[in-house]
Each structure stands twice: as C-alpha cells, then as structure tokens.
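Using the hints, position chain R against chain B.
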Amino acid sequence: AQKVTQAQTEISVVEKEDVTLDCVYETRDTTYYLFWYKQPPSGELVFLIRRNSFDEQNEISGRYSWNFQKSTSSFNFTITASQVVDSAVYFCALSEAGGMGSNTGKLIFGQGTTLQVKP
Amino acid sequence: GAVVSQHPSRVICKSGTSVKIECRSLDFQATTMFWYRQFPKQSLMLMATSNEGSKATYEQGVEKDKFLINHASLTLSTLTVTSAHPEDSSFYICSADPTGRSYNEQFFGPGTRLTVL
Chain B
1 AQKVTQAQTE ISVVEKEDVT LDCVYETRDT TYYLFWYKQP PSGELVFLIR RNSFDEQNEI
61 SGRYSWNFQK STSSFNFTIT ASQVVDSAVY FCALSEAGGM GSNTGKLIFG QGTTLQVKP
Chain R
1 GAVVSQHPSR VICKSGTSVK IECRSLDFQA TTMFWYRQFP KQSLMLMATS NEGSKATYEQ
61 GVEKDKFLIN HASLTLSTLT VTSAHPEDSS FYICSADPTG RSYNEQFFGP GTRLTVL
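Going down the list, the sequences are from chains B and R.
Start counting the first sequence at 1; every next residue gets the next number (the numbering used here).
Start counting the second sequence at 1; every next residue gets the next number (the numbering used here).
Only chain B is shown next, with the shape it has when bound in the complex:
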C-alpha cells in the first residue's frame, strides 16, 4: 500500500533561517509522481512541484529546493532564507498508480507539516 509520512508535525523558525521539511514515501510502483503543496490559512492548496519517479535530479526554484532520493524513498523540501509569508501547512503527496503503468490520479497525502516563521 502507498503511504506518505511527514514526521515533523510543526516547525518553528525565525525569519531568514533555512528549514527542511521531510517527506518519506512507500510504494511498490515503479512509476509514480510526488508532489508538494502549500496550504496557507485561507485553505486553498498551492501547487509547488511535481516530480516523476524517473527524474532524480534535484530542483531549485528561487528560495525553494527539493531533494529526491529514491534510495531512501525521500522527497525533502528546503526553504532557504525563510520569510513570514512562508508560514503555512505543507503537504507532500504521492500519486497512486493504476493498471498498465498508468496513474489513477488519486493523491495520497502526508499528514502535513505546519511551518511557522517568526519575524
């Protein structure tokens, strides 16, 4: 069965600190997708990144970076020089594979990590 674990329930940092949010996943599929979403207090999910299982290259987008390691089934997310506006709940998610190598589209979410960035 697929599973996503975000062991950090809450993290509190001071502005300008770097912070890493951990995500560990379990799946038997060889083809899958991993996602990170941000959920601010308004509730609307903000898409951050999608990564397929065949692309292990790390990615950087501004202050955000992602480290995908299949060997440890991890897809960690780092925010550099955090800002107060980064305060939100962050979810890591795994797409469920269907038959014949396709994806069903179902997303399995981790429990989320609440990040508080203090000024």
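The hints are simulated quantities; they were obtained by calculation from the structure and are not laboratory data.
Incorrect hints may appear among the rest.
Said to hold, decoys possible - DMTMM-like mimics (lysine to aspartate or glutamate), calculated; alpha carbons at most 25 Å apart, straight line:
# : chain 1 : residue 1 : chain 2 : residue 2
1 : R       : K14       : R       : D65
2 : R       : K55       : B       : E96
3 : R       : K41       : B       : E15
4 : R       : K41       : B       : E10
5 : B       : K3        : R       : E59
6 : R       : K41       : B       : D86
7 : B       : K38       : R       : E22
8 : B       : K38       : R       : E105
To be verified - Using C-beta positions, here's what the derived DEER-type ranges look like:
#  : chain 1 : residue 1 : chain 2 : residue 2 : range
9  : B       : K16       : R       : A2        : 25 to 35 Å
10 : R       : V3        : B       : N58       : 28 to 38 Å
11 : B       : N67       : R       : C13       : 42 to 52 Å
12 : R       : H85       : B       : F54       : 44 to 54 Å
13 : B       : S71       : R       : K64       : 36 to 46 Å
14 : R       : H7        : B       : N52       : 29 to 39 Å
15 : B       : D18       : R       : Q29       : 38 to 48 Å
16 : R       : Q60       : B       : N52       : 22 to 32 Å
17 : B       : E17       : R       : A72       : 44 to 54 Å
Every residue gets a Cβ at the ideal spot worked out from N, C-alpha and C, and that includes glycine.
Here is chain R on its own, set in the frame of chain B:
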C-alpha cells in the same frame, strides 16, 4: 489557465438538511474530478473519484448514499451532503484532472467550508 472553482466557499446549515457543493473547471475539460475532505488540523482524505458520465468510485468507509456525486459534464461535478449532521462539518476540496493530459496533474479548487449546526 487551469482554474477550478467551488461554490459556495462557505455554508452553514441546520442538521438534517442537504447541501450541494459545485466544482467547476473553468478553462479546461476534466473527465475525472476528485473530492477530498479535510478535518481541522488534519490531512486531506480522498472521498471519491468522480468520472464524467459514470458512477463515482468511493473510497472505503465513505457512505455513497450520504455523499452523492454527480459528474454530468466535462466541467462540472457536484457533491451533495444529504441529511447533514454536525460530524459532517469539514473543509471539502475538489480537484480536476485535465482530459487528455499525458502526465499526472490535478488542479485544486479553493475549498468549501461546511458547518452543520
């Protein structure tokens, strides 16, 4: 592009009434839409997969007679919470999977906050 809307954004109703929530893909067609529920300070849990022109597929433990899903067109799916009770109070989020896209991607609506008194 790829905008999904939900209506209403917030609803308060009395126990025993039914509430309908609409999910619309505004600038793309979606054969498949998904309905999630999120309780306070918890994660999103998939309730059902809505397929245009066919019956929805419900996740284990979700009562299909209580949560009626209709996906009548390629841009609209509705979730009706029938005979709502206070324990149904939650944040309901839909997402839409664009038809014909070759990779897995969903676009999420802004959510509907349901409060049952």
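For each hint, the structure was consulted:
no., hint, in the structure
1, K14(R) x D65(R), "holds (19 Å)"
2, K55(R) x E96(B), "holds (20 Å)"
3, K41(R) x E15(B), "holds (23 Å)"
4, K41(R) x E10(B), "holds (11 Å)"
5, K3(B) x E59(R), "holds (15 Å)"
6, K41(R) x D86(B), "holds (18 Å)"
7, K38(B) x E22(R), "holds (23 Å)"
8, K38(B) x E105(R), "holds (16 Å)"
9, K16(B) x A2(R): 25 to 35 Å, "holds (33 Å)"
10, V3(R) x N58(B): 28 to 38 Å, "holds (30 Å)"
11, N67(B) x C13(R): 42 to 52 Å, "holds (45 Å)"
12, H85(R) x F54(B): 44 to 54 Å, "holds (46 Å)"
13, S71(B) x K64(R): 36 to 46 Å, "holds (41 Å)"
14, H7(R) x N52(B): 29 to 39 Å, "holds (33 Å)"
15, D18(B) x Q29(R): 38 to 48 Å, "holds (41 Å)"
16, Q60(R) x N52(B): 22 to 32 Å, "holds (27 Å)"
17, E17(B) x A72(R): 44 to 54 Å, "holds (50 Å)"
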